Amino acid sequence: MDGMAGTSSKLTWAVHISAVLLVALWLFPTVGLLVSSFRTADQISSSGWWASVFSSEQRTVIRTVDPDDFRIEENSAFAVTGDLFAADEEKEVIAWGTSSREVEAYAPGDLVDLGDGESITVDSEGTYSWKGNEEQLSGRGKRVFATVVSPPDFTTDNYERVLFSGDSTDGMAKTFFNTLTVTIPATIIPIVIAAFAAYALAWMQFPGRAILIASVVGLLVVPLQLALIPLLQFHNNIGIGKGYLGTWMAHTGFGLPLAVYLLRNYMVGLPRDIIENAKVDGATDFQIFTKIIIPLSFPAMASFAIFQFLWTWNDLLVARVFLIDATGETTVMTNQIVELLGTRGGNWEILATAAFVSIAVPLIVFFTMQRYLVRGLLAGSVK
Amino acid sequence: MADIKLTDVNKIYGGKVHVLKDINLDIEKGELIVFVGPSGCGKSTLLRMIAGLETITSGRLEIDHEHVNDVPPAQRGIAMVFQSYALYPHMTVRENMSFALKLAKKSPQEITESVDRAARILQLEPFLDRLPKALSGGQRQRVAIGRSIVRDPKVYLFDEPLSNLDAALRVATRIEIAQLKEQMPDSTMIYVTHDQVEAMTLADRIVVLTVGEGIGQVGNPLQLYERPENEFVAQFIGSPAMNLLPGKIIATGKQTTVRIAGGGVAVSDAPSKSSDENLKVNVGVRPEDFSETKGDYIFEGEVDIVEALGEVTQLYFKAQKGGDPIIGKLAGIHSGLRGETVRLTAEPNKVQVFHEGKSLYYR
Amino acid sequence: MHPALQGLITIIIGVGGCLGYFYFSNQILDKVIFPPKKNDAGRNINRANAVRPWLFLLPAIIALGLYLAYPVFSTLWLSLTDRSQDNAFVGLANYNQMFNEPKFWEAMVNNMLWLIVVPAVSTAFGLLSAQLTDRIAWGNIAKSIIFMPMAISFVGAAVIFKLIYDARPVDQAQIGVLNAVWLQFEGGTGSFLFLKLLPGIIVLSFAGIVSYIGWLTLKPLLPGETNQGGGLMAIARLIAVVITAYIIVRSLLLAVGIMSSSLPYGEPQQWLTLPFWNNFFLMIVLIWIQTGFAMVILSAALRGIPEETVEAAIVDGANPFQVFFGIKVPQITGTIVVVWTTITLVVLKIFDIVFAMTNGQWETQVLANYMFDKLFRANDWGVGSASAIIIMLLVSPILIWNVYNARKEMQ
Chain A
1 MDGMAGTSSK LTWAVHISAV LLVALWLFPT VGLLVSSFRT ADQISSSGWW
51 ASVFSSEQRT VIRTVDPDDF RIEENSAFAV TGDLFAADEE KEVIAWGTSS
101 REVEAYAPGD LVDLGDGESI TVDSEGTYSW KGNEEQLSGR GKRVFATVVS
151 PPDFTTDNYE RVLFSGDSTD GMAKTFFNTL TVTIPATIIP IVIAAFAAYA
201 LAWMQFPGRA ILIASVVGLL VVPLQLALIP LLQFHNNIGI GKGYLGTWMA
251 HTGFGLPLAV YLLRNYMVGL PRDIIENAKV DGATDFQIFT KIIIPLSFPA
301 MASFAIFQFL WTWNDLLVAR VFLIDATGET TVMTNQIVEL LGTRGGNWEI
351 LATAAFVSIA VPLIVFFTMQ RYLVRGLLAG SVK
Chain B
1001 MADIKLTDVN KIYGGKVHVL KDINLDIEKG ELIVFVGPSG CGKSTLLRMI
1051 AGLETITSGR LEIDHEHVND VPPAQRGIAM VFQSYALYPH MTVRENMSFA
1101 LKLAKKSPQE ITESVDRAAR ILQLEPFLDR LPKALSGGQR QRVAIGRSIV
1151 RDPKVYLFDE PLSNLDAALR VATRIEIAQL KEQMPDSTMI YVTHDQVEAM
1201 TLADRIVVLT VGEGIGQVGN PLQLYERPEN EFVAQFIGSP AMNLLPGKII
1251 ATGKQTTVRI AGGGVAVSDA PSKSSDENLK VNVGVRPEDF SETKGDYIFE
1301 GEVDIVEALG EVTQLYFKAQ KGGDPIIGKL AGIHSGLRGE TVRLTAEPNK
1351 VQVFHEGKSL YYR
Chain C
2001 MHPALQGLIT IIIGVGGCLG YFYFSNQILD KVIFPPKKND AGRNINRANA
2051 VRPWLFLLPA IIALGLYLAY PVFSTLWLSL TDRSQDNAFV GLANYNQMFN
2101 EPKFWEAMVN NMLWLIVVPA VSTAFGLLSA QLTDRIAWGN IAKSIIFMPM
2151 AISFVGAAVI FKLIYDARPV DQAQIGVLNA VWLQFEGGTG SFLFLKLLPG
2201 IIVLSFAGIV SYIGWLTLKP LLPGETNQGG GLMAIARLIA VVITAYIIVR
2251 SLLLAVGIMS SSLPYGEPQQ WLTLPFWNNF FLMIVLIWIQ TGFAMVILSA
2301 ALRGIPEETV EAAIVDGANP FQVFFGIKVP QITGTIVVVW TTITLVVLKI
2351 FDIVFAMTNG QWETQVLANY MFDKLFRAND WGVGSASAII IMLLVSPILI
2401 WNVYNARKEM Q
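Chains as they are written, first to last, in our numbering: chain A, 1 to 383; chain B, 1001 to 1363; chain C, 2001 to 2411.
Among these hints, one or two may not hold up.
[Claimed, not checked] Now the in silico label distances, taken between C-beta atoms and shown as ranges:
| hint | chain 1 | residue 1 | chain 2 | residue 2 | range |
| --- | --- | --- | --- | --- | --- |
| 1 | A | K174 | B | G1137 | 21 to 27 Å |
| 2 | A | T343 | C | E2307 | 56 to 62 Å |
| 3 | C | A2173 | A | T343 | 20 to 26 Å |
[As the list claims (entries may be wrong)] Selected chain A positions facing chain C (Cβ under 10 Å, derived; list incomplete):
| hint | residue |
| --- | --- |
| 4 | V53 |
| 5 | G239 |
| 6 | D315 |
These are calculated hints, taken from the structure and not from any lab test. What you are looking at is a predicted structure, and each value in this text was computed from that prediction instead of being measured. Ideal placement from N, C-alpha and C gives every residue a C-beta, glycine not left out.
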């Protein structure tokens, strides 16, 4: 459309600006989470995450070191020198003061006369030098009110704590593997079952085919909420109770309508001639399926696999009902996060990190396989 | 190789639509038979029934004297070339050509030999390791043919194999198929097309199928052109279609004389009996068999449109009430005829006479 | 056994079992039950081919039947029985009890609100972003970013938005974006423009669109117009018009309410505890997720529009807005309906967001969470199942419509 007659440049600009705004609006929430996961608890609670990517200006009160211990005698005068900041902190003092009423009274480097020969100076790197007589330099350290600019400061401590500490309340490592354990079989098994059914529905002639296809379309929208209690009863009756096996079976059942529907629609679109030619070549239905249909249906199977992966990875309801028992040994990431929201509602560094760990894998899958995802969406929705 | 025999074959879809009616056909070993017919006549369906891809509603199909109605395609000893080529897109040319042999559990050595031989015949050797998507239309077509050669079938079936090619390539591939047939004089081939030129140039015999009325005529190409059995075949073969002029027989004998309604007199070599006098008939003359005359004429009319094509000039006359316009095709350039009244005549052996749709030549 | 190992074994047994089942059942069919012997080879092959589809379908039919079809009936039965009375049949008592609970009606009303707002806003944003991103060079990147939330779990999104809605006491730095922005407003002209006029205009234009749809629905019933589809269709149209009229009145009242409200400037708000409005803060999460879906589908539809129709309109002198609303949108109406219904389905089943963010407190209950509460907290299977049946009933018009379309397409 760019450059088409009837498109004015003003409008083009408006389009670009609106698009930038829209994208920013959509990206902003996720970035907030990501940034927060790299900040310490103190940083998170003292300023909004958006402030952290810029140098932040803070007012702090710091005491000099204890003069009784550290003062040095020089020509009957005493001096205490030191640094307001720890050695690895890259902070800069832009103003300072000695009383809480005038916190920005002096510029860095100013030598301030405190009366009776007592003086103090603080330079921009935080080095101070406090001089005076024995009496003046005694007791507690001198308070310095500094306005400090600190550069963006991020830490990976949260990730270490969440992933590697082995802490049972905050740790996500175990739940990560639990989720993975749920997800992979629950993604692969329905594809196999659905592929055969889809082939039969697409390319085999038998009475009742139309009704079966219509039922699949109908089951596509049946809310899985209906299935919870009957299936839990069923699982208890056959003795598998709560656990992975039941969860895999449930995910398989719930994912099948979409799988059959997507794959059948795709397979129906394969050229009839190719399949007939294979028949003339002497292939049986089973051979046509494995040697022709499966290799050609790869894009559709990839689409469904992504859907099913995202859905099982992100699922909370099925896991809570069919998997997680009283011991909590099999808890999945989504559930762990919900628990954290309850127990650690204020600890954003843990929450943000845990949440980001759980969404990182889907995001990677999303960005690498987006092509198939889009194709699957289009096949599943647009007639 | 094989001969094919169809006896009273019918195809009815859903118990209602009668696509093919009472097809009786003997195809001899080594023949190249072409099925033509208007769209919807079931020519592809007939081919697919011979292939085993469609069930036969009633009747009997024999290949090589064996009753094969219920035999699956692979066991009929046929190979088929599809309009869309139907190459397996995920296999290389070599894999495409060896697929059937692998399924038949032939030894690897045998497979390689067959594939190489077919590739040599079709000049496909440089492309054996390519995927179909890296081939041109003509090359894909050759792979499809090669795939059938490899299987060394009794019968080759071609379903409109050239219609996806552009005009120039179509002519070239047509000649290739003709040459291929020369190289394999024993193989039986059945070829479906809607293109008359393909039918006329390739066929040993042509089968003209009607819509829902079974076979119109079976014969060699020139027979169909010169002596059509009925009005349907007469009008289907040849372009523009044969003119039909209604009239009444006024003289019978070795030759038949017909007075054309509202016009002249036509003399035909078709024989007639004396009882045929006053019989209502249609006289058929091909546009290209008309010539201009000043004397006795078959048709006289005012020229409505003149199409000068250089080698020929086509004259369109105003349609008589309700009928198709009469068309004359005169050799060479004739200018200034528009609006003129022109008289046309034709040689007696080029004039057909049809009574109730059937030609008098075939009584 | 370690679960990962168990998972691996399950994959092998599951996949291998499926493949083995298919392979061997086909072998048995072809070699043992109907071997193609000399005399009746053809007949036996045909018989085998009549059985084979069912071999292919069997596992899927069992799984679908057991995990989706059977539970529908089982839940229906559960909703008519009482667990505490030894699963005795109690008729509609559970429904009666449910209809007398204010929490149920709260959930119903909230769900209706979700049903109106989320599909409408997501589709509108989707259409807007599709149109915008299709016209720019970096459109694909923009699309990826807007589409990205699709991959994020509802729970993850809940955390993300809880951070956005976070509130701190007034004397501390706000770490939630919304409160940080909110505290910038202090009641001046800017506040009026952004917090009263703009929302008012949005609500009013929503009312405008709804009235237009209502008018289109009503039009065929007016004298002088032809109403196709007979009496049933006329009744459906009338019902639709009444509903739209109700929505219009409510939106107008809402707009007046927004314009005349006095806002507590300068106080950080606990957004998720503000009754009525907190529903919208929850909806934003779903809109954020679903817009990308709408955009992807609608963008494909927009690109599918024949370029000639657009060019013809430009030659006819249409400006870009006329081209968009007059030429493009009418041509993708079918797709808009598909997107709308798909999002509607998601909304009807919405659970995780509410569960994780408010758990239905502060008047944010929705049906799916109400059901979960009943089933697993109150252990009242009767009422829980009854509410599941309500969700099923709400879904069923779409179900019937889809099946109807699928059947039409196959003929």
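Okay, the hints, checked on the actual structure:
1. In this structure the supplied range 21 to 27 Å is violated for K174(A) paired with G1137(B), their Cβ-Cβ distance being about 59 Å.
2. Between T343(A) and E2307(C) the beta carbons are some 57 Å apart, a value that agrees with the proposed interval 56 to 62 Å.
3. Between A2173(C) and T343(A) the beta carbons are some 24 Å apart, a value that agrees with the proposed interval 20 to 26 Å.
4. Because the beta carbon of V53(A) sits about 14 Å from the nearest beta carbon in chain C, more than 10 Å, this interface hint is broken.
5. Restraint check, G239(A) versus chain C: the minimum CB separation of about 16 Å is more than 10 Å; hint violated.
6. At its closest, the beta carbon of D315(A) sits 8 Å from a beta carbon of chain C; the interface hint therefore holds under the 10 Å criterion.
Consistency with the previously given hints fails for numbers 1, 4, 5, ordered from lowest to highest.
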